[in-house]
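Participant: Guided by the hints, dock chains B and C onto chain A, whose structure is given.
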Amino acid sequence: MNRLVGKSVPRLEDPALLVGKGRYVDDIHLSDMLHCTFVRSTMAHAAITGFDAEFARSMQGVHAVLTASDLAPMLMSKRMPLSAAPSKEENSSTPFVLQDREVSYVGEPVALVIADSRAEAEDAAAAVQVEYEPLPAVVDARKAYEPGAEVVRSELNSNLLNKLHVGYGEVDEAFAGAAHVFADDIWQHRGCGHSIETRGVVVESRFDGSELCIWSSTQMPHDLFYMLVAMLDMDENRLRVITPDVGGGFGPKYCIYPEEIAIPAAARLLNRNLKWIEDRREYFMSAVQERDQYWTLEIAVDADARILGLRGRLVHDQGAYAPKAVNLPYNSATAMTGPYIVPAYGMDVLIVHTNKVPVSSVRGAGYPQAAFAMERMMDLIAVRMDLDRAEVRRRNLIPPEKMPYVKQLKARSGAAMIYDSGDYIASQAETLAAAGWEDFPARQKAALAEGRYIGIGLANAVKGTGRGPFESGTVRVSQNGKVSVFTGATAMGQGLATALAQICAEELSVAAEDVTVIAGDTAVTPLGLGGFASRQLVTAGSSVHLAAKSVAAKAIKAASRLMEVDEDALKLEEGRVWIRDGNRSLGLGELAQVLRGAPGFAFPADLEPGLSTSIQWKTDALTYANACHIAEVEVDIDLGEVTVARYVAFHDSGRLINPMIVEGQVVGGIAHGIGNALFEFMGYDETAQPVTTTFQEYLLVTATELPNFETIYRETPSGLNPIGAKGIGEAGTIPAAAAVVSAVENALSPFRIRISQTPILPERLFNLIQAARATT
Amino acid sequence: MKPPPFEYFCPTALNEAVELLAAHENSKVLAGGQSLMAMLNLRYLFPDVLVDINRIDELAGIAVASGAARIGAMTRQRVIETNGEIARVAPIFREALKLVGHRQTRNRGTIGGSLCHLDPAAELATLALLHDAVVEIAGRDGTRRRLGIHDFIAGFMMPNIEAHEIVVAIEVPLWSAGHGYAFHEFARRHGDFAIASAACLLEKDGDGAISRLSIALGGIGSIPQRLPAAEEFLLGKRGEPGDLASALEFCAGLELIGDFHGSAEYRLSVVRSMLRKSLELALARAGRRDA
Amino acid sequence: MKIHQIEMEVNGRTRSGEAVARTTLADFLRHTLHLTGTHVGCEHGVCGACTVLVDGVSTRGCLMLAVQANGARVETVEGLASAEGVLHPLQQAFRDQHGLQCGFCTPGMLITLKELLAENPDPTEDEVRDAISGNICRCTGYQSIVAAALKAAKELRRSGSAP
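Chains as they are written, first to last, in the working numbering: chain A, 1 to 776; chain B, 1 to 291; chain C, 1 to 163.
Worth double-checking, as some hints may not be accurate.
[To be verified] DSS-like, lysine-lysine: derived pairs with alpha carbons at most 27 angstroms apart: (1) B:204 - B:277; (2) A:618 - A:554; (3) B:277 - A:445; (4) A:163 - A:410; (5) B:98 - C:154; (6) A:7 - A:407; (7) A:407 - A:163; (8) A:482 - A:549; (9) A:7 - A:410; (10) A:557 - A:571; (11) C:2 - B:28; (12) C:151 - A:7; (13) B:98 - C:2; (14) A:21 - C:151; (15) C:154 - A:7; (16) A:549 - A:571; (17) B:98 - B:277; (18) B:204 - B:237; (19) A:482 - A:554; (20) B:277 - B:237; (21) A:143 - A:163.
Derived by calculation from the structure, the hints in this document are not laboratory data.
So that you can see chain A by itself, here it is in the shape it has in the complex:
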């Protein structure tokens, strides 16, 4: 049996990508293709009082300038449905396909321009005259839900989209009986996804627009498929959505956008092939972001720093619309207790609209904020009670003997949330040892004597992964003995194909290179749920594992009939079924040929045609991964500049299918989290105009801002799925900002500064230091 699972098999994706033969959406070239751009709102909130595209339509190369009313005949609704399921009721929080009445964020699409080239489309878009009558712009989520506040959209009575309470236990009692209560207000800002490839859509219109083939740089081809079926009222058999190579998703490509509906509708209307490739400025002003959360928190502890209760309020800036059922603040509120025992918990969550780009998942999807808030409070306890920060955590971490740990919080569905496996105390201990936590105080003192400010920080996290209900996996043997895997999971650079190929190849005893994985094509895989929330390895991996096992069993059964020996006498090795201790064998390809059937030839009686199996392994539980990160920083107090000097990251993500790929996910995830701690800020001014709209202003970390990362892995196999895996895609990001900010605060402990925000940019840090110095 060739063992591939657990090996760092070189990626199957790489050969094409390395020689420039990737096929991203902008690489797709169709005949007679026209190019699109959008006229987008330049105002954060305004009524559209005039629209004149006459001159624009007459410009060179321009084929059409389409508004909401032009597309209306093609669409079942003017506004996006909340999810892929068609919704009969108008939902008053989803975006419009094209806006023709009232714009509510800078960047909102107003019209679609179609021309021979993108440059000419942009010329025409600039010439479209839209008259705006300004309306009050809502900028601050904290003020936006106050009674009498101006509304973000006239159709709303209030900017408060939703208010909910998450909690359990006797919170008031816990606080009343506490030895200490510590309070803090924490501001968190996460910013944008900024995959290096922006969004894009290509539509092929066939047979007078009655059939459409759509390529979209998306994480959710099936969502897009079903939404288009509903919105365009199309026969499912006449529509196909294909995910090309995706140059990174990171969350923003998890939503379905107005552009992804408008372009196909226009293609159908005009019966033309269309291409829209988002440019970076469009990405800044219309791809979803995770922006601001304002947390007001109190934590109650006993005299030994054991948590008795935690309560507070979270105000979440949702932006102008809610394109998806709001998940982030709910994730943040329910994930906050993390790996700690919190006997009583109460969080009020207010989801508030503002006149800014709509908010939805960016890598971590609310979990980074939960970890940051919790870890800041743990540090607060330690600092105020003059205890070691690791010790405070150790006292409160869920101990191994309590696993599986049933959280007192229930999922939205009412199901229990259970941390299935993981040893959080041992994880932290191992990380502390690797990072030299005990030695640091002496090093810090020596550095201070030289006038240098160094600090160390710590953060823990858990992440529920492998979200169901399922992900499809089909394994099929080809006539030549090679194997195909079809899955509804979506690849966006995370090595999905390689991992699934390894899983499949191991069961079928073939080489991983002989497995082709086709992901994200709705014609090939009608059912699929897509890539988000660190779910696909667990769900698709399990389905593929079971499907491959089933195909192996079929092969053996078929071979036993054909070779007329018992199944026990057979083994599958190197792609062939062998008689044990003999030299007769049948290749998988030969078996596939037989099982293809031939007219006039008898088909073996108890065999089914075809050498393939489709499985949708189901789950309704999450399997929880855990992480512990330790960061070392140095702060230049004249500049407020933070340098990350060292970073140790521990992860337990169950069984590692491909350790090399896991390492890539972890390191990449941490880099994003460091960006969130020190660099990334999506700014808006007081009129809700975006002020960071290029990569000169919005700062992504480069190779010179990061250290080498030291990673530690523990594999506690998940007992909840056949492959023992847990997800890893977001776990690197989740504790990272918390660890870095913890370290920055520690570096500045001579100034007794409390840092209650992320990012902490140099000038802000400088101001905190100055203020502290002024009072000493």
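Facilitator: For chains B and C alone, kept in the frame of chain A given last:
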């Protein structure tokens, strides 16, 4: 983000380029393109005509003679950075240029383009000011004029140059062999625009006292600035910590702007930090034969 | 608008096409010459995904006009592997070290590193990081790219080949 439409000319002779600029009112010079092309792609600018001067050979080149380095306006930043003669006679250029953008932008970006764009944080403009450089400018009918850098820098992103004129070369007076030099800047990431930069050139006499000093600061105001008060103060002194600390106080007299990248107060702290580092390093290097 | 006739050498072969003046070199390579390996990520010269070699030096393809490259020698990612498909040591090292995930920044990274190794066959880790500081990757966190660069450098020194 595609550029707006424009007509494109690519003359091979300097006077042809000047005439093209004179003939077309809304025309712009295309030099390295690292600033201009980005602005065109972002549609911040709408020139009707671009005059590409990349093929005018006489505009590029480095000649070191008689106490000055004459650097052609179209000399690529990367060429200046790696030029052995410049490294020998004006080593501050290499030190500063390593911090300018990234290798890809320095491969195309030019010294003339940087000076004509005059971003307040532009390292080359700061160095030109530091050296009291002279800018040679070509006008119509083969005319040339020379303009001291202090007069060339007219204001925020405003070089003192007519629309039809083209910068031909920058003449950099050289300091004596073994002079002290240092360039420090603080930027958010490697290669980003400096929030504040400090450039120093320094010579010592036989007794180790500062006999000559030039300080130029970039990124903090609308244009790069000299600091004559600190230069005068330190002349004749030895650069003891007390002297340096006093010299830093003069920074409060600088023009300090507050914007998205930093408030005036913050910039003051940053520029003081940069100047302190540059003065210390320039002092250490002055007089060393192998500096 | 005037149509310019443009001819350049791309990866050793003479290629020609037409473009209006405002067409960038990146777009010309991608859409006129159908060499889609060079990618466009930001169109304002920061991300580096469009990096190609022009007359031997790394250049942001989005900040250069196609007409400016008339008569130039251009090298793109498509020219790195041998004609028989043998990967360049940089490409092989990226594969070995997991130096790519989504692959979108990769062509720009490879081209930039090719230039670095041609100038500096034995770079330090800091020199590699400095060299790729103008290429943004959102996937890898750069560590595996640096490891790949150092591995490729070692292999090139060992084999004595030009990068």
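Participant: Run the distance test for residue 2 (chain C) versus residue 28 (chain B): straight-line Cα separation, threshold 27 angstroms.
Facilitator: Since the Cα atoms of residue 2 (chain C) and residue 28 (chain B) sit roughly 18 angstroms apart, the hinted pair holds (cutoff 27 angstroms).
Participant: Starting from residue 549 (chain A), check that the Cα of residue 571 (chain A) is at most 27 angstroms away, please.
Facilitator: 13 angstroms, holds
Participant: Has the given pair, residue 277 (chain B) with residue 445 (chain A), been kept, meaning a C-alpha gap of at most 27 angstroms?
Facilitator: 24 angstroms, holds
Participant: Starting from residue 163 (chain A), check that the Cα of residue 410 (chain A) is at most 27 angstroms away, please.
Facilitator: Status holds; Cα separation ~17 angstroms.
Participant: Sort out whether residue 2 (chain C) lies within 27 angstroms of residue 98 (chain B), counting only the CA atoms.
Facilitator: The hint is violated at about 39 angstroms.
Participant: Please verify whether residue 7 (chain A) and residue 410 (chain A) have alpha carbons no more than 27 angstroms apart.
Facilitator: Roughly 37 angstroms separates the two Cα atoms, so the pair is violated.
Participant: Starting from residue 154 (chain C), check that the Cα of residue 7 (chain A) is at most 27 angstroms away, please.
Facilitator: It holds: about 25 angstroms lies between the C-alpha atoms, which stays within 27 angstroms.
Participant: Taking 27 angstroms as the top limit, are the C-alpha atoms of residue 151 (chain C) and residue 7 (chain A) close enough?
Facilitator: The hint holds at about 21 angstroms.
Participant: Under the criterion that the straight-line Cα-Cα distance not exceed 27 angstroms, is the pair residue 7 (chain A), residue 407 (chain A) satisfied?
Facilitator: Violated - the C-alpha atoms of residue 407 (chain A) and residue 7 (chain A) are around 34 angstroms apart, more than 27 angstroms.
Participant: What's the verdict on residue 98 (chain B) and residue 277 (chain B), does the C-alpha distance respect the 27 angstroms limit or exceed it?
Facilitator: Satisfied, since the Cα-Cα distance of roughly 17 angstroms is no more than 27 angstroms.
Participant: Below or equal to 27 angstroms on CA atoms is what counts here, so check residue 482 (chain A) against residue 549 (chain A).
Facilitator: 16 angstroms, holds
Participant: Would you check the hint for residue 21 (chain A) and residue 151 (chain C), treating anything up to 27 angstroms between C-alpha atoms as holding?
Facilitator: Holds, at about 23 angstroms.
Going through the hint list in order, the structure does not satisfy hints 6, 9, 13.
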